[in-house]
Amino acid sequence: MLEVDNIECRYGKVDVLRKVSLSVGKGEFVALIGANGAGKSTTLKAISGLLPPVGGRITFEGEDITRASARRILEMGIAHCPEGRRVFPYMTVQENLEMGCYRRRDWKHMSDDMDAVFDRFPVLGERRAQAAGTLSGGEQQLLAIGRALMSRPKLVLFDEPSLGLAPNNVQKTFEYIMEINRQGTTVLMVEQNAYAALEMCDRSYLLESGHVSLEGRGDDMIHNPHVQQAYLGMEV
Amino acid sequence: MDQLLQHLLNALILGSTYALLGIGLTFIFGIMRVVNFAHGELYTFGAYMVYLFSVLLGVNFLLSIVIAIVLGIMLGALLEWVLLSRLRGADIDTTMLVMIGAWIIMQNAEQLIWSGVAKSIPMPFPEEPLSVGGVSVAWSRVFVFAVAILLIVGSQTLIQRTRLGKAMRATFQDRDTASLMGININMIYLATFALGSGLAAAAGALLGPIFIVMPTMGNLAVVKAFAIVILGGLGNMKGAALGGFVLALVEELGAGYISSGYRDAMGFLLIILVLMVKPTGLFARTERIG
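Going line by line, the protein sequences match chains P and B. full-length UniProt numbering applies: residue 1 is where the first sequence begins, and numbers increase by one. full-length UniProt numbering applies: residue 1 is where the second sequence begins, and numbers increase by one.
None of these hints come from the bench; they were simulated from the model. Note that CB positions come from ideal geometry on N, CA and C, so glycine has one too. Mixed in with the good hints there might be a few duds.
[To be verified] Quick list of the computed label-pair ranges, beta carbon to beta carbon:
{"#": "1", "chain 1": "P", "residue 1": "Glu-208", "chain 2": "B", "residue 2": "Leu-164", "range": "41 to 51 Å"}
{"#": "2", "chain 1": "P", "residue 1": "Lys-108", "chain 2": "B", "residue 2": "Asp-93", "range": "22 to 32 Å"}
{"#": "3", "chain 1": "B", "residue 1": "Ser-85", "chain 2": "P", "residue 2": "Glu-199", "range": "42 to 52 Å"}
{"#": "4", "chain 1": "P", "residue 1": "Asn-36", "chain 2": "B", "residue 2": "Arg-175", "range": "45 to 55 Å"}
{"#": "5", "chain 1": "B", "residue 1": "Thr-280", "chain 2": "P", "residue 2": "Met-234", "range": "44 to 54 Å"}
{"#": "6", "chain 1": "B", "residue 1": "Met-187", "chain 2": "P", "residue 2": "Gln-130", "range": "22 to 32 Å"}
{"#": "7", "chain 1": "B", "residue 1": "Ser-85", "chain 2": "P", "residue 2": "Arg-67", "range": "17 to 27 Å"}
{"#": "8", "chain 1": "B", "residue 1": "Pro-279", "chain 2": "P", "residue 2": "Gly-137", "range": "23 to 33 Å"}
{"#": "9", "chain 1": "P", "residue 1": "Glu-208", "chain 2": "B", "residue 2": "Val-70", "range": "57 to 67 Å"}
{"#": "10", "chain 1": "P", "residue 1": "Arg-103", "chain 2": "B", "residue 2": "Pro-129", "range": "45 to 55 Å"}
[Unchecked claim] Quick partial rundown of chain P residues pointing at chain B, CB under 8 Å, derived from the structure:
{"#": "11", "residue": "Met-91"}
{"#": "12", "residue": "Glu-95"}
{"#": "13", "residue": "Asp-106"}
{"#": "14", "residue": "Trp-107"}
{"#": "15", "residue": "Pro-167"}
[To be verified] Now the stretches of chain B that chain P is said to cover, found in silico as 3 or more residues with beta-carbon under 8 Å:
{"#": "16", "stretch": "167-179"}
{"#": "17", "stretch": "182-190"}
When you get a sec, could you build the whole thing from the sequences and use the hints?
Listed below in structure tokens is the structure:
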């Protein structure tokens, strides 16, 4: 479904990604793990068009999207749920969800989808007229995920969904993401919480200083000595 | 007492056009981070377009005002497309200098086209003022007030309720995330600058016939627009609207009770005082644009 082929990205003169390749199949749950600064978020930004790569190629369902605009990529079915939630703080919960389906024109189904988010998370429904900035961190994360789903994506990119959340909210967020995946949406998730990510995913990639150093099935990765030592904090 | 009421009424009317100026500038600064020094020239442009259509071409006065506003929107869009769209990501100083250049060019062009002689635009309203309970107000001013309020409410509704307005606010609050939502940021900038310019042209189109029209009329307007925006708290829409009314009130009372020669100085004196006490402006809150 998604093929990332040897992409390179730069911030100014600094190389952040050096020939990163990965692929995500339809319906899969793929995790991207690695340390701070390894280039995980940058990989997602390259895919969603926020930071077009300077080299390499990205294709989605056979179509080249390497230099496509963020808008075009969204319309093709890739939604990006950014790091740190990034809800629009002074807009209401409902307006945030409306922004999520900004490019859709099927008004009838849009309100059904919005109701579905409110049914799934009544707390968001109760606060639909409240500014998103007044929600708790966990609620904001649920809103950010709900907003990403409003475009009815085929593939969702999640960037650090557990970042800065209380443990019970982390659990809730991960359950929601797994549920989305079970319902048929493909997921590519970046996560620092390597153990949780590897447990949840079908396959995963380990990113180290700008390139993919290891890939494999989630449970194989959990048992890999290098991963255990460097990312799972286990003595080997 | 009647005199005070009269001053308050005058302030309300003048304030409505100041609010238009301030809101337009706030749109542009709030969303695009562009300090628009050409704002006063859009104001002048609006006034001259009313002159062109209603006096020179004999078009209906009301229609001339509508045309002036529409042309102001188009001129704003053109400026954005020709100058600012090439400067995305440039720092604020660069765009500021470019807009100062646009200001100088536009003002000289106006001088060239219309000559430096002031023009007046007759308004089709009854001579007899409207008198209510001891205060009287010219019909032309009632008209200006009504149109200005309509435009203020209209632009507020646009920002709060429409799809475009929501996309503008989203862009203002978080540009990258807005583009992830599929919002075309370039289009939003174009629309923002065009709309802000249209409001400035509207203020000029409304005030031009009340005062006189000349190429340098925008100089004081742009300075006052900045004063209003600073007074209201940078980037705050409601603040800009209220700032317009406060400035007009101070000018009106200052001119009436202290000295009419210092009319324009009163406002700036107020700004200095406000900034000494509350450097973020009178109405600065955490919430911005909407």
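Hints and how they fare:
{"no.": "1", "hint": "Glu-208(P) - Leu-164(B): 41 to 51 Å", "in the structure": "holds (44 Å)"}
{"no.": "2", "hint": "Lys-108(P) - Asp-93(B): 22 to 32 Å", "in the structure": "violated (49 Å)"}
{"no.": "3", "hint": "Ser-85(B) - Glu-199(P): 42 to 52 Å", "in the structure": "holds (48 Å)"}
{"no.": "4", "hint": "Asn-36(P) - Arg-175(B): 45 to 55 Å", "in the structure": "violated (24 Å)"}
{"no.": "5", "hint": "Thr-280(B) - Met-234(P): 44 to 54 Å", "in the structure": "holds (52 Å)"}
{"no.": "6", "hint": "Met-187(B) - Gln-130(P): 22 to 32 Å", "in the structure": "holds (29 Å)"}
{"no.": "7", "hint": "Ser-85(B) - Arg-67(P): 17 to 27 Å", "in the structure": "holds (19 Å)"}
{"no.": "8", "hint": "Pro-279(B) - Gly-137(P): 23 to 33 Å", "in the structure": "holds (31 Å)"}
{"no.": "9", "hint": "Glu-208(P) - Val-70(B): 57 to 67 Å", "in the structure": "holds (58 Å)"}
{"no.": "10", "hint": "Arg-103(P) - Pro-129(B): 45 to 55 Å", "in the structure": "holds (53 Å)"}
{"no.": "11", "hint": "Met-91", "in the structure": "holds (6 Å)"}
{"no.": "12", "hint": "Glu-95", "in the structure": "holds (6 Å)"}
{"no.": "13", "hint": "Asp-106", "in the structure": "violated (14 Å)"}
{"no.": "14", "hint": "Trp-107", "in the structure": "violated (11 Å)"}
{"no.": "15", "hint": "Pro-167", "in the structure": "violated (26 Å)"}
{"no.": "16", "hint": "167-179", "in the structure": "holds (count 9)"}
{"no.": "17", "hint": "182-190", "in the structure": "holds (count 3)"}
The structure is inconsistent with the numbered hints 2, 4, 13, 14 and 15, although it conforms to all the rest.
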